[in-house]
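A.B. asks: The task is simple: from the sequences and hints, build the whole structure.
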Amino acid sequence: MSKRIDVADLNVYYGNFLAVEDVNINIDAKTVTAFIGPSGCGKSTFLRTLNRMHEVIPGARVEGKVMLDGDNLYGSGVDPVTVRSQIGMVFQRPNPFPTMSIRDNVLAGIKLNNKRISKSDADGIVESSLQGANLWNEVKDRLDKPGSGLSGGQQQRLCIARTIAVKPEVILMDEPCSALDPISTLAIEDLINELKNDYTVVIVTHNMQQAARVSDKTAFFNIAGTGKPGKLIEYAETATIFSNPSVKATEDYVSGRFG
Amino acid sequence: MTVTTEIRSSRSALTRNKLPNWAPWAVAAGALVVSAAVLSLAGFNVWGWAVLAAVLFVAANWAVSFAVEGARKATDRFATSLMFGAFIVAMVPLVSVIWTVLTNGIAGFSLDFLTSDMQGVRGRVDNATAAGESPLMGGIAHALTGTFLITLWASIISIPIGLLTAIYLVEYGQGGRLARAITFFVDVMTGIPSIVAGLFAAGLFALIAGPGFKAGIVGAVALSVLMIPVVVRSSEEMLKIVPNELREASYALGVRKWRTIVKVVIPTAISGIASGVTIAIARVIGETAPLIVTAGFVTRMNTNVFSDWMASLPAFIYYQILNPTSPTNPEPSTLRAWAAALVLIILVMLLNLGARLIARIFAPKIGR
Chain U
1 MSKRIDVADL NVYYGNFLAV EDVNINIDAK TVTAFIGPSG CGKSTFLRTL
51 NRMHEVIPGA RVEGKVMLDG DNLYGSGVDP VTVRSQIGMV FQRPNPFPTM
101 SIRDNVLAGI KLNNKRISKS DADGIVESSL QGANLWNEVK DRLDKPGSGL
151 SGGQQQRLCI ARTIAVKPEV ILMDEPCSAL DPISTLAIED LINELKNDYT
201 VVIVTHNMQQ AARVSDKTAF FNIAGTGKPG KLIEYAETAT IFSNPSVKAT
251 EDYVSGRFG
Chain S
1001 MTVTTEIRSS RSALTRNKLP NWAPWAVAAG ALVVSAAVLS LAGFNVWGWA
1051 VLAAVLFVAA NWAVSFAVEG ARKATDRFAT SLMFGAFIVA MVPLVSVIWT
1101 VLTNGIAGFS LDFLTSDMQG VRGRVDNATA AGESPLMGGI AHALTGTFLI
1151 TLWASIISIP IGLLTAIYLV EYGQGGRLAR AITFFVDVMT GIPSIVAGLF
1201 AAGLFALIAG PGFKAGIVGA VALSVLMIPV VVRSSEEMLK IVPNELREAS
1251 YALGVRKWRT IVKVVIPTAI SGIASGVTIA IARVIGETAP LIVTAGFVTR
1301 MNTNVFSDWM ASLPAFIYYQ ILNPTSPTNP EPSTLRAWAA ALVLIILVML
1351 LNLGARLIAR IFAPKIGR
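Those sequence lines, one after another, are chains U and S. The first sequence begins at 1 in the working numbering and counts up one residue at a time. The second sequence begins at 1001 in the working numbering and counts up one residue at a time.
No wet-lab data here; the hints were simulated from the structure. A hint or two may mislead.
Stated by the list, open to error - Simulated DEER-style distance windows between Cβ atoms:
(1) Val1046/S to Asp144/U: 55 to 61 Å
(2) Leu1082/S to Gly152/U: 40 to 46 Å
(3) Thr1075/S to Lys140/U: 54 to 60 Å
(4) Tyr1168/S to Gly77/U: 24 to 30 Å
(5) Thr1075/S to Gly152/U: 39 to 45 Å
(6) Gly152/U to Gly1203/S: 57 to 63 Å
Said to hold, decoys possible - Calculated cross-link-like contacts (lysine-lysine; reagent style DSSO-like; alpha-carbon spacing at most 30 Å):
(7) Lys145/U to Lys1240/S
(8) Lys1257/S to Lys145/U
(9) Lys111/U to Lys140/U
All C-beta atoms in this analysis are idealised placements derived from N, C-alpha and C, irrespective of residue type, glycine included.
C.D. replies: Right, here's the structure in full:
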């Protein structure tokens, strides 16, 4: 269960302001794709358009096509709720639901939608999701404790467990490690490598070593200046981007000579 | 070689020029003594003594601190004294009210007083009480029941309306024209005099049920006019502080907006909403004027809010003072009024304590 994403001629606007211009990208199933680029270049905005989460921001709108295995996310009659149940998202800051226990946090996607499942099914989902997020051994004895009592790294893995519990096709991650220490970051990176076996993963990161470590392909976004739209500059195998990029701006950015 | 460290507990270089902790107390004692001495020349009274001592203390405390500790510390102590003074001034009326009601009302307070109504209590009965021939008769059971029922119905009407309005404003309105208009009119409603709310409810039911219709439900409608804006305002603030990240987390799991509101946003804010609602109830439970014009006043128990007049605690107090049961011996009526006031204050305090309790029970737990 994983699908590919093909984006064609995508423009993202905030009101009348063109934030991201003319993105074309093809993301294969069961790969890890990293988006890198300077702050404000629109990589997070673009990531949000991949599961229509940008619609939460007032005034944000999109022109163009995003195809999930050939189905246009922006086709008429497509319910954003359906899109989001197939394309999960992990945020920059861990955000477990404070009113719920660890167990209920994992089951949130199912329980909040009022789907009825038996207790044994629920137990199975909780265990497999937490195993999948490498968190099971740390929390199996305190599943009924609040999720907000965990450490930041554990909370982030809990959020990943919550995301994979609804069995999405694609997982989007918006700088998932930027609020975490190096050990927790390592745990998440190991996890991303395992997630690749089952899911298509797209990750936004400011950490270029991280992009080099976890991703198969890397997309470099850049912005010409304030007030200008962000653009996809180069998209290639990660090894190519970091050793032999074809665009000068990419080379400057990945080698630290940016600006 | 051994190194000995001399421990200088009081004369450390870092604590030089600092007044000892007992200094303000010494200054305060001095101020009290000096002002007592000064006033004994001019004629002593307690209030003058307190005010003069306070002024002397603030000045002397500043001067002593300025001489020993310097300008910055002196200013700090001066500001601290002023803030304490403001706090004490704010507490005086509150403590005074509670003390007056307690001392005046406790004598009339008994189990009988809570469980009997005013039926059969006429001037003759009160005359006998005033002459010392019988204990205080009559009670507030009917008024307590009326207050409880009217407030309950006011809550039943205003909590859903207020909460749903707040949800619209925070989750759907998004600063649009309708949302701004609602906010404006809610603010206007906050300032409506309570008697106007009462007249509105009386007028509304005059149209529906005929002129002169008075019942508990009319009073409940009048109270809900006063209560709705308070509920809207407090719930709105509570919903606003729910982090957007939680809404996004829910949307990203493929959860619909209204389910997100019902199952994520409201549970996260429920402790604040519940305590805000309780405070709104405490705000209207003591309303007098709107109840007199809408629910009327009776001396017997009425548990049906939809027909017949209904007593309430504030109206009970009002009528006992204004129309004593025995015009020649008003003391028993006055005593009943004080005792009823005591019960009302206790109710309001219990509601406020309840609000804190509710907030604590519903608060998201941070257990490890």
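A.B. asks: The structure should be examined with respect to each hint, and the outcome stated for every one.
C.D. replies: Results of checking the hints against the structure:
no. : hint                              : verdict
1   : Val1046/S to Asp144/U: 55 to 61 Å : holds, 59 Å
2   : Leu1082/S to Gly152/U: 40 to 46 Å : holds, 43 Å
3   : Thr1075/S to Lys140/U: 54 to 60 Å : holds, 58 Å
4   : Tyr1168/S to Gly77/U: 24 to 30 Å  : holds, 27 Å
5   : Thr1075/S to Gly152/U: 39 to 45 Å : holds, 42 Å
6   : Gly152/U to Gly1203/S: 57 to 63 Å : holds, 59 Å
7   : Lys145/U to Lys1240/S             : holds, 26 Å
8   : Lys1257/S to Lys145/U             : holds, 27 Å
9   : Lys111/U to Lys140/U              : holds, 20 Å
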